[in-house]
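2 protein chains.
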Amino acid sequence: MPADIIITNGIVVTVNPHFDIIKNGEVRIKDGRITSVGPVGMDAGHHPEAQVIDAGGGIIMPGLINTHTHLPMSLFRGLADDLMLSDWLNKHIFPAESKHINEHTVRIASLLSCAEMLLSGTTTCCDGYFFESGVAAAVRESGMRAVLGQGVIDFPAPGAPDPARNIDIAREFLAAVKDTSPLIHPSVFCHSPYTCSGKTLCAAKALANEFGVRFQIHVAETKGEADMIEGAGGLSPIAYLDRLGILDENTIAVHCIWVDDVDIEILADKGVCVSHNPESNMKLASGAAPVAAMLDAGILAGIGTDGCASNNDLDMFSEMDMAAKLAKVFSMDTIVLDAQTVLTAATMGGASVAGLSEITGSIEKGKAADIIIVNTAKPHLTPMYDPVSHLVYAARGSDVDTVMVNGRILVKDGALVYMDVEKIMDGVRKVAGEVMRG
Amino acid sequence: MPADIIITNGIVVTVNPHFDIIKNGEVRIKDGRITSVGPVGMDAGHHPEAQVIDAGGGIIMPGLINTHTHLPMSLFRGLADDLMLSDWLNKHIFPAESKHINEHTVRIASLLSCAEMLLSGTTTCCDGYFFESGVAAAVRESGMRAVLGQGVIDFPAPGAPDPARNIDIAREFLAAVKDTSPLIHPSVFCHSPYTCSGKTLCAAKALANEFGVRFQIHVAETKGEADMIEGAGGLSPIAYLDRLGILDENTIAVHCIWVDDVDIEILADKGVCVSHNPESNMKLASGAAPVAAMLDAGILAGIGTDGCASNNDLDMFSEMDMAAKLAKVFSMDTIVLDAQTVLTAATMGGASVAGLSEITGSIEKGKAADIIIVNTAKPHLTPMYDPVSHLVYAARGSDVDTVMVNGRILVKDGALVYMDVEKIMDGVRKVAGEVMRG
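Taken in order, these protein sequences are the chains called E and Y. Going by this note's numbering, the first residue of the first sequence is number 721, and it counts up by one from there. Going by this note's numbering, the first residue of the second sequence is number 721, and it counts up by one from there.
Where hints are given, some of them may not hold.
The list treats identical chains as interchangeable, and a pair is accepted whether it falls inside one copy or across any two copies.
As the list claims (entries may be wrong) - Derived pair list, reagent style EDC-like, types lysine to aspartate or glutamate, alpha-carbon separation capped at 20 Å:
#1 811 with 1058
#2 750 with 774
#3 1150 with 1106
#4 1085 with 724
#5 743 with 1106
Think of the hints as simulated: they come from the structure by calculation, not from any bench.
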């Protein structure tokens, strides 16, 4: 079968089940799917029509998967830092959201976030926010792959002033977005067990089940949350959600910091997917999730940046670095979360969390061509004994040269092919000017 | 006085004692020194000969100061990760050093490290290693500013096979390097209280005093070290060094993780300078230094990357991010090490640690022009409410466009002006090939 794209002359870090690394490798793509992976010259066939991409000796790897984001929050990047969580939320983020978040600002800020993610090698994200159809429009325009959840919360929220209508609005989103694009997977994003009643949690989960989609929820993020829920009913946040019947293999439990061994057993038994967000958890002083213990228990875990207002970027390379180092220093063990484990979490792990492990997350025959090329001919990536070490401990988002989603080249020579990034940045700056005026 | 360089059209983050930020600012330079800092148009004088550098609305700031490095160790970047400290050192790093470290490899790997540091906005570093005259040659070639210490250790070391000659070799280095360049400040780097006898520690400190130079030492890095020293004499590592008379305002105490309130009081009383190395401390699972408490106690503290074999890069931007986030999550307090505190530590704090606070570390009239420009017209730095937040939480080394040391432009449009980076990388790759063959 003649290929229409051939990526050649690079180290292929496949992240397949054997974690094969092909030193001088080549990937062939036809109609957006990977048709072969192997050493250069493996296939004597002629591909006269194929576009050849020379990786220049760099690393050819699966696109990174960001399992937790709030894309429109790039509008508030750096608006408020170094504050107590309650002050940050109540005095800065919530007022800014209530005044400045609308369909237009959600779309423009989501475009900015997609541009940032693509330029730093992320090809798939799991998002949850309000006006999520605006996020969907931006993601569609960007060409990325995504799981997108309309927010459900028992407070007046942007686009959902009446909490009584939250489930209806989420249903409208699911109905409107499903089947609009093979790259977009609608979902339900229920904010948390401390901002939603048991009734809302159950209704939101029932809605996700009805549509057969992922259910995303923040849980066990802070000690305050854990204390509040335990104080109310004697159960940990995880045990409480389990009691409600929320936890299953379609649930993405985000954060999972304040979990004990029993909670980890519940998460493992129910096949719950976990999104680990080290930078946000550190910056907001929420704590360090026991991610090594969760992985050991067989829990599917991916890595996420969280909204970039609490990070303050969407760079999955720095997130991998932070995940590895945070786990080591918290457990006082250099061995936990080694580079291969972290890279796997940020690719195949993320694909599993997103429910897309058959489609993306690795470079394997039959999968969609969600592939990035990292340029390693730079001082900070020289010499190279081990490409995986470099990807986790030394590379930055800015080392990504080429990004392809579903076989479509979205970033070439480190620049966006289709998105007008200057126009997008100008649009966001205009809105930010209004935010600054209050 | 006519300027010979004018940097204009940027946000000047001065890091002067008032932490002044000039929104649309300009910096004028004459003969390598800053002659004025203020808003664009402050000075109606004519400067017909001046080279004008347009910062394009980006951030004009003091060059970053890396207070702890082992420059030649870039040769071992990513050679071995995710190992117990003892295995990492004894099975990988020490054997590789003993076989592959020589005058040639020290020089070529130090050139690589200088290239990496300059490209990521570091203008001054404090280094300690063996064959330090090779490091000095490389740093001189790069145009950077540095404090460079010949290593002293009571074991056979590269270039110093007989420990009995360690002090003599350090003395020869001091004598040979002093007064060779206004940018290079020789120093003594005594490895640690657990690898040097009390006699060696005292002799090395006496030598530093004799030459009036900085004395650098790793101390209180691991719990094992603290236990060993306390076991031997009942004193903490800090109290032990104090008892020996090692601690004063010319001593740079690197790491200082395993310190208690009494140790912090000693460090403060003696005016000791501290280098905080968060990424290395996390990756080697050494622990988290109480840097906020040390700053509160009035201790001069700077930030360092450590050797990039335990990091694995020399990017001070990611180091700032990590410093802020590590302190927050360890203390469970979002407020500690806010962005301004961290940026100050990485600039003026570092200058004080290096003993160069009169010369560098801030953009002030009379200081040397050690200045960098950060390009903020990128998605991950948009919008911008607060330039200081961006520098700590969102910028990366690759956002640095222009780097000037002592008024000499070393990086322009993100590329090195004088160093042949391709040739340097090729040289290091050749040596790394030999390292790989064992």
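Going down the list of hints, with the structure as the test:
no. : hint           : in the structure
1   : 811 with 1058  : between (39 Å within a copy, 18 Å between copies)
2   : 750 with 774   : within (17 Å within a copy, 46 Å between copies)
3   : 1150 with 1106 : between (44 Å within a copy, 16 Å between copies)
4   : 1085 with 724  : within (15 Å within a copy, 60 Å between copies)
5   : 743 with 1106  : within (11 Å within a copy, 44 Å between copies)
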